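**Q** Note that the protein sequences, when read in sequence, are chains P and F. Following full-length UniProt numbering, the numbering of the first sequence begins with 1 at its first residue and continues without gaps. Following full-length UniProt numbering, the numbering of the second sequence begins with 1 at its first residue and continues without gaps.
Hint data in this document are derived by calculation from the structure and do not stem from the laboratory. No experiment lies behind these values; they were computed from the predicted model shown. Some clues are possibly wrong.
As the list claims (entries may be wrong) - DSS-like mimics (lysine-lysine), calculated; alpha carbons at most 30 angstroms apart, straight line:
id, chain 1, residue 1, chain 2, residue 2
1, P, Lys-125, F, Lys-224
2, P, Lys-235, P, Lys-9
3, F, Lys-169, F, Lys-153
4, F, Lys-224, P, Lys-104
5, F, Lys-153, P, Lys-290
6, P, Lys-211, P, Lys-70
7, P, Lys-235, P, Lys-25
8, P, Lys-9, P, Lys-25
9, P, Lys-290, P, Lys-263
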Amino acid sequence: MFDTCADPKTLEGLSWLLCYLTTGKHMMFYGSFFVVIALMVIVAPVALAFGFGGAIAARSPFAPLRWFGKLYTSMVRGIPDIVFFLFVPVAMDQGLEYLRYLYKCPHDGTPVWANNEFSVCAAAKLPLSSTPQIWHEVYGFSLAVIAFAVVFGAFAANVLYGAMNAVPRAQLETAEAYGMSPAQVRRRVLIPQMWTYALPGLSNLWLILVKATPLLFLLGVEDVVYWARELGATKSQLYDYPHPDWRFWYVLVLLVFYLSMTKVSEIVLGRISTRLSRGQATMAGEALRKAAA
Amino acid sequence: MSDSCPQIIADYAFRSLGFGERVLPRGDFTLCHEFTLIGSGLIWNIYFGVLAVGFGFFFATALALAKASPRGWLRRPSEWFIFVFRGSPLFIQFFLTYELLVMLPKAGINLFGLTIETSWTTSAWAGALFVLFLNTSAYSAEIFHGALMAVPKGDIEAADAYGLTGFAKFRRVLWPTMLRLAWPAYTNEAIFLFHATTLVFFSGFPAYQQRGDALYYAKFFADKTFNPFIPYPITAFYFILVTLTVIGLFGMVNRRLNRHLPGHIRPKLRIRPQIIR
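Please model the complete structure; the sequences and the hints are all you need to start from.
**A** This is the structure:
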């Protein structure tokens with residue numbers, strides 16, 4: 001990065017540290033923090049959408065849809081989320097490749113799953129082996145996003161289902177008395193009113209999501225944990241910047257990063273909570289009204 | 001052809017503890033193999049879960065009391081402890097502790113002529129259990145602290161009126177009420193701690209001689225057969241059983257804690273995932 005860094009072995013003290021912390025690999029380490037933040041920011045709305053679908057399905061008058069919704073919302077209670085993180089990406093990948101196999105491959109009778117292998121012809125591979133490396137990474141990251149969205153969608157569905165049931169019945173009846181159809185009641189009253197009840201659960205869910213992001217490492221994405229272990233490992237004299245095992249210090253940086261993410265999130269969520277409580281028929285809303293009066 | 005199912009069970013039922021067949025099955029994986037070996041790994045999940053929750057309960061009570069203390073030197077360390085363990089990912093805590101334990105001198109620490117062995121601390125049964133213990137203590141302490149703050153004022157005044165003070169007041173009034181109020185949330189915490197035990201062997205702690213937990217073996221099968229649709233649902237099945245057992249046991253305690261209340265206001269144990277971890 002800097003001209004002075006051309007010969008790292010001659011450097012000492014602060015200039016050594018400066019050069020060490022600006023190597024190409026360190027830049028990728030810093031970049032991976034944005035990968036993690038990107039994951040949180042992308043997963044949050046997708047999971048919310050999944051959760052919304054799940055909650056609406058669980059309230060549906062159509063029984064099979066309701067069963068599906070209930071099953072989806074309750075699966076995360078019994079099964080560890082890590083099982084989903086390991087299962088969903090592989091299952092998605094194989095499912096997509098199998099679909100492509102159905103119309104892209106010649107069908108010569110060779111089974112797809114055989115001899116402990118999953119093999120489809122080269123044309124059905126996803127992404128194609130000829131695509132540039134970046135698309136392989138994007139594909140891996142997208143599968144991770146889907147895995148996270150499935151799990152957090154189920155948690156969110158639980159929260160939203162509870163929140164929808166918590167909206168006072170009188171408010172919905174008032175809307176019905178005005179002659180609104182069920183869809184109008186849902187859109188104009190139920191959904192706007194449920195947020196104040198959903199917020200504590202969703203805030204907690206956001207904090208859980210933040211704390212689940214290091215699991216990206218398990219999905220093979222080059223995230224902060226990957227780089228911390230890579231950079232911290234003992235470097236012999238063969239390297240430009242030899243150092244002993246520094247993994248502890250790198251992981252300590254991650255700990256501080258996550259603690260500050262938690263702290264900042266708590267402050268922001270506290271503000272949103274105040275904003276949403278305004279004018280609500282809840283204790284928090286009442287406290288705000290009294291404080292203002 | 002592969003062995004019969006009883007033979008497989010005899011060979012692999014305690015494989016995760018190091019008994020039975022030394023090598024893991026190669027090729028020719030039957031459903032029986034997968035059920036047996038994943039079930040064998042579940043022993044570790046139960047070991048971690050039971051001991052962490054069991055020891056964590058007492059430490060959490062102490063932490064919650066410290067957090068409620070008016071004395072700063074007691075309150076502040078406990079607040080920090082809870083913040084650090086609740087505010088950071090368990091995964092990172094595992095890594096950090098492992099790296100810390102690895103940095104201990106290999107030869108042992110010499111303390112007043114006594115040599116304290118350190119090598120055992122980096123193995124999962126000790127190191128990971130320690131992290132899980134601290135982690136669940138922090139989460140439970142927050143739950144207990146919340147419940148302690150919610151103990152009705154009238155209960156405390158009644159205890160004062162009876163002349164109860166200090167430990168007697170805590171033992172006979174505060175503690176039972178705190179537990180009663182905290183129990184539904186604490187049940188949640190226990191369930192999700194059992195789920196969190198699946199992380200142990202993915203987080204730096206090595207699975208010595210391939211002795212791993214349920215998910216370790218599930219991943220082993222998924223990697224070997226390229227078929228995730230069998231081992232992971234088996235793991236899911238086992239964990240649903242564990243979850244139902246935990247709910248059953250905690251439900252029994254819940255009934256005992258609430259036995260003095262009239263039937264219609266007795267709180268039922270409801271699992272609310274919105275207050276998880």
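**Q** For each hint, tell me whether it holds in the structure or not.
**A** Checked hints:
1. The straight-line distance between the Cα atoms of Lys-125 (chain P) and Lys-224 (chain F) is roughly 20 angstroms, inside the 30 angstroms bound, and the hint therefore holds.
2. The straight-line distance between the Cα atoms of Lys-235 (chain P) and Lys-9 (chain P) is roughly 13 angstroms, inside the 30 angstroms bound, and the hint therefore holds.
3. At most 30 angstroms may separate the alpha-carbon atoms for a hinted pair to count; Lys-169 (chain F) and Lys-153 (chain F) meet this at roughly 13 angstroms.
4. A distance of roughly 26 angstroms separates the Cα atoms of Lys-224 (chain F) and Lys-104 (chain P); the hinted pair therefore holds under the 30 angstroms criterion.
5. Pair hint Lys-153 (chain F) plus Lys-290 (chain P) holds up; C-alpha atoms about 23 angstroms apart against a cutoff of 30 angstroms.
6. For the proposed pair Lys-211 (chain P) and Lys-70 (chain P), the alpha carbon gap of about 26 angstroms is at most 30 angstroms, so the pair holds.
7. As the CA atoms of Lys-235 (chain P) and Lys-25 (chain P) are separated by approximately 13 angstroms, the hinted pair is consistent with the 30 angstroms bound.
8. Proposed proximity of Lys-9 (chain P) and Lys-25 (chain P) is supported: the alpha carbons are some 17 angstroms apart, at most 30 angstroms.
9. As the CA atoms of Lys-290 (chain P) and Lys-263 (chain P) are separated by approximately 28 angstroms, the hinted pair is consistent with the 30 angstroms bound.
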